[in-house]
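Enquirer: Residue strings, one per chain:
Protein chains: 2
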Amino acid sequence: MESGTKLERGFTLWFTGLSGAGKTTVSEIVEKELRKRHGSVEVLDGDIVRTNLSKGLGFSREDRDTNVLRIGFVAKLLTRNGVAVIVSAISPYKEARDMVRQDIGDDFIEVFVDAPLEVCAERDVKGLYKKALSGEIPTFTGVSDPYEPPAAPELALRTDEEEPEESARRVISKLEELGYLQTAEEYYRAS
Amino acid sequence: MESGTKLERGFTLWFTGLSGAGKTTVSEIVEKELRKRHGSVEVLDGDIVRTNLSKGLGFSREDRDTNVLRIGFVAKLLTRNGVAVIVSAISPYKEARDMVRQDIGDDFIEVFVDAPLEVCAERDVKGLYKKALSGEIPTFTGVSDPYEPPAAPELALRTDEEEPEESARRVISKLEELGYLQTAEEYYRAS
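So the protein sequences, as listed, match chains X and H. Here the first sequence stands for residues 33 to 223, where the numbers follow my numbering. Here the second sequence stands for residues 33 to 223, where the numbers follow my numbering.
Honestly, the hints are just simulated from the structure, not real lab data.
Here are the simulated BS3-like cross-link-like pairs (lysine-lysine), alpha carbons at most 25 Å apart as the crow flies:
hint : chain 1 : residue 1 : chain 2 : residue 2
1    : X       : Lys87     : H       : Lys108
2    : H       : Lys126    : H       : Lys206
3    : H       : Lys68     : H       : Lys108
4    : X       : Lys108    : H       : Lys64
5    : X       : Lys68     : H       : Lys108
6    : X       : Lys64     : H       : Lys108
7    : H       : Lys87     : X       : Lys126
8    : H       : Lys126    : X       : Lys87
From chain X, some residues computed to sit far from chain H (all C-beta separations above 12 Å):
hint : residue
9    : Thr57
10   : Arg69
11   : Gly78
12   : Lys126
13   : Lys158
14   : Ser176
15   : Glu217
16   : Tyr219
All residues carry an ideal CB built from backbone N, CA and C; glycine is no exception.
Given the sequences, and given the hints that come with them, work out the whole structure.
Expert: Right under this line is the structure:
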């Protein structure tokens, strides 16, 4: 399908979880699949957002929440215009995530990317846990700053128990189940 | 056309000009017409943006430019997904507007909403000029802060010389001319 044209319904796939839990790894596999199966895909990841929407914000609860609400605002605009939006953000506070959920409505799909803190700290992809544990980073989610897990996410992934490909497959299945993507069977029946 | 579905090309219609020049007045008439003729329309006006993207920013050149670039970032995401985006923002600095133009590319349509300062100050829709001239507002565009007019806008409207309806009609004609909207003739030929 030509870029900028589409007939599909939009949604926001919101990956929340600790640093190192696997949000980016899983979401990148999901993104590849979505680009084959949905006309419009946008990724709002931490770096893009920090540069373009939230430069100057710090890591207080207020600033973290402002960051989450800004991402939510942009995700809402895209979603209601038919875009498949992928958000990867620690988004540690339940209240802010729930405000985004309320704002976007049924098309908000929360994916809890879950792994024990020790596993995340051992992976330490960006070397941040080392700095957090030594005190070099003073407010680090999971170490010295809270993370509030979702009470009722649409999907929970245990990335210490399954491979990223398997996690991504479960996300895609959820999207099919919710009617945002056609199953292979539906696709062939329609064409 | 159902919400969230569309086949049209996106664009950003960027209204720039002094406070009181008529950006909102003209853009609201344009918005009504676009909602009839384009599947997806979003309005990013000053208030929406200050609340959702730029709370905490002030009126220094740096903060004003940050605000403009943030609006531009969101407008770009929407535009490349087929949305007709209407932006009303003083956006006083040429460099920042041109960065947005470069980022969005051909689908950026700059509309200079022009009226002499005295006319804007006399209209004083929000009572801001009075405060600016008395010094109560220290940095006010056109009074105590610069406004750099566009060198080559796609369209310039002299709102002191024509009625808002006439200005809006010229914007719509420009969109037809650029191929973003069908003319009535094309519409009836196609249906």
